[in-house]
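Asks: Here's the letter readout for the chains.
2 protein chains.
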Amino acid sequence: MIADKMLDKIDEMQNPCVVGLDPVIEKVPKHLLKGDSFEDVADAFRKFNFAIIDSVADIIPIVKPQIAFYEKYGVPGLKAFKDIVDYAHSKGMIVIEDGKRNDIATTAQAYADGHLGVVQTELGKRPSLNVDLLTVNGYLGSDGLTPFASVCKEFGKGVFILVKTSNPSSGELQDRLIDITPEEESKLVSDGIPIKDHKTTVYNLMAIQVNKYAEQDIGKRGYSSIGAVVGATYPSQAEELRKIMPKSIFLVPGYGAQGGKSKDLVNCFNKDGYGAVVNSSREIIYAYQKTDDPLKFAEASRAAAQAMIKDIRGALKESGKYPANWKD
Amino acid sequence: MIADKMLDKIDEMQNPCVVGLDPVIEKVPKHLLKGDSFEDVADAFRKFNFAIIDSVADIIPIVKPQIAFYEKYGVPGLKAFKDIVDYAHSKGMIVIEDGKRNDIATTAQAYADGHLGVVQTELGKRPSLNVDLLTVNGYLGSDGLTPFASVCKEFGKGVFILVKTSNPSSGELQDRLIDITPEEESKLVSDGIPIKDHKTTVYNLMAIQVNKYAEQDIGKRGYSSIGAVVGATYPSQAEELRKIMPKSIFLVPGYGAQGGKSKDLVNCFNKDGYGAVVNSSREIIYAYQKTDDPLKFAEASRAAAQAMIKDIRGALKESGKYPANWKD
Chain A
1307 MIADKMLDKI
1317 DEMQNPCVVG
1327 LDPVIEKVPK
1337 HLLKGDSFED
1347 VADAFRKFNF
1357 AIIDSVADII
1367 PIVKPQIAFY
1377 EKYGVPGLKA
1387 FKDIVDYAHS
1397 KGMIVIEDGK
1407 RNDIATTAQA
1417 YADGHLGVVQ
1427 TELGKRPSLN
1437 VDLLTVNGYL
1447 GSDGLTPFAS
1457 VCKEFGKGVF
1467 ILVKTSNPSS
1477 GELQDRLIDI
1487 TPEEESKLVS
1497 DGIPIKDHKT
1507 TVYNLMAIQV
1517 NKYAEQDIGK
1527 RGYSSIGAVV
1537 GATYPSQAEE
1547 LRKIMPKSIF
1557 LVPGYGAQGG
1567 KSKDLVNCFN
1577 KDGYGAVVNS
1587 SREIIYAYQK
1597 TDDPLKFAEA
1607 SRAAAQAMIK
1617 DIRGALKESG
1627 KYPANWKD
Chain B
1307 MIADKMLDKI
1317 DEMQNPCVVG
1327 LDPVIEKVPK
1337 HLLKGDSFED
1347 VADAFRKFNF
1357 AIIDSVADII
1367 PIVKPQIAFY
1377 EKYGVPGLKA
1387 FKDIVDYAHS
1397 KGMIVIEDGK
1407 RNDIATTAQA
1417 YADGHLGVVQ
1427 TELGKRPSLN
1437 VDLLTVNGYL
1447 GSDGLTPFAS
1457 VCKEFGKGVF
1467 ILVKTSNPSS
1477 GELQDRLIDI
1487 TPEEESKLVS
1497 DGIPIKDHKT
1507 TVYNLMAIQV
1517 NKYAEQDIGK
1527 RGYSSIGAVV
1537 GATYPSQAEE
1547 LRKIMPKSIF
1557 LVPGYGAQGG
1567 KSKDLVNCFN
1577 KDGYGAVVNS
1587 SREIIYAYQK
1597 TDDPLKFAEA
1607 SRAAAQAMIK
1617 DIRGALKESG
1627 KYPANWKD
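Protein sequences appear in the order of chains A and B. As numbered in my numbering, the first sequence has no gaps in its residue numbers, which increase by one up to the final residue, 1634. As numbered in my numbering, the second sequence has no gaps in its residue numbers, which increase by one up to the final residue, 1634.
Careful, some of the hints might be misleading.
[Stated by the list, open to error] Derived coverage of chain B by chain A (criterion: at least 3 residues anywhere in the stretch with Cβ under 8 Å from a Cβ of chain A; other residues may be distant): (1) 1377–1391; (2) 1407–1417; (3) 1468–1476; (4) 1480–1493; (5) 1520–1529.
Bear in mind the hints are in silico, worked out from the structure with no lab data behind them. We treat Cβ as the ideally placed atom computed from N, Cα and C, and that holds for glycine.
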């Protein structure tokens, strides 16, 4: 199951860093572009990402392609996405698809089957996009989450459900105070979350929901395949969320380009030094822009990844949340 | 702009019905399947949908392909999706993509550009998936909605933002009572919504947000390109939402197979007889299953579409919400 696999890979690499593969044509080195068709763009994305994967596969455990940047170019774009997923797998990396998919019932099932599980053909079932984990939006309620959770359990895959996102306006809905049931209140009180007037935030309510699913799919290493998205930009919220969802792995966006600092995001980790994976996209993949050599973009990405690893490991060590079996 | 175009098309057809194109291999007539590759499945989906489009294009204004069922089959699936969008356009139909896309900032921009607007290539910008309207999930706040609204305005396209969805568990989050600001309270009070203890539901709060965007993009016919998803299964909620978002067109799922009745969904319409489009998927496209002739699936779909049109037009007439310029 993926939570165990992810933790093993994190131990192998001795860091919980994720490189976000978010290609945009304006920033991809010009020498990779051979023409102006969608196929040419997709081909440039393929070369760009393959080279970055090659440059970090021995030091980074996980990549996170954001599918929006690929499906934007239609069929050729999705083909590049799939090739990049397969290439990362061939290099032993774990692949999180950032797709924020959501729907209900048979439609949620279709997303779960297509992205994580297997799809029906006339002669039987086989995998399709076959990523390891997928980000999911829970606005529609449990009708939208149960099909994903079932597929995760059956195929050893995982999801990260949006709880508290890293963007400035995430609070417009997510930070609002909302009436809760006595059952929810007692869960929060037992987690040590202060409650006033029988209310909590929307993100805490979503966390309670995530935790219910998480508890039903826990691996040998004590973590669940049902995780949560919790932004690096909101450290105090992360501290509460860590308590509400003790078994969930957090996917932490917002580090680097979005302003989240390593000292802030340690709140996303448990005391054992696990429980979160930290993503950086632009600061890694476009690191070459700060050099004078676009031909060596992959080397620049590797150097940026090394700097991130050092920063995150340092912050974990300083906070006392450093895994016991990692080297100093 | 799409709200005007959609209303003109609705007038031309004298009904606001949407046929949902949600193909699943288990239900597509067997004679369309030529093999078991993903290409074969995609080809069956293409033939199935083309035939249904042919059979209803002179009576139905709008189709709504659900992209989950296509992208499930990866690259061949997305190719079929794109071909179906283009084919529906060639027959003069309006195309709503049900994709429930959502993200923030440049990523939301990538979705908006790829699905609704234009994408950058080396020599310039051109359309990619090029649907007319897209469903969008607003959990992430205005960082996730503004890029879509901007693209809609620039390219004359539209979105339907999830407000109150049709599924049984939609209330788990959407019906919760949430604290609101004095400004929000005064908006709701002036809309005639009863407020107690400075709280409203999450769906009403989302509706206030939708309305803000809607007011900034209103066409000649008085409706906005920024619409809302409001389930046919929740008539009393629809009545309130109609007041909060007077200029938004509602995409109404849940009619037919999900149990929503025509007399319930008239609450989604304004007094002028406009303001909503009503979707039915399974009851139309799989109507042949109630006959003994899978070869005539398209004819069965046409008959089911005619029955739906009659039902919806009848309910509008009975409720007094019948457009003044429609025939009896």
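Asks: Take the hints in turn and mark each one as holding or not.
Replies: Hint-by-hint comparison with the structure:
1. 1377–1391: holds (count 9)
2. 1407–1417: holds (count 10)
3. 1468–1476: holds (count 7)
4. 1480–1493: It holds: at least three residues are needed, and the stretch 1480–1493 of chain B offers 5 whose Cβ sits within less than 8 Å of chain A.
5. 1520–1529: violated (count 0)
Figure legend: structure checked against the earlier numbered hints; the only hint not met is number 5.
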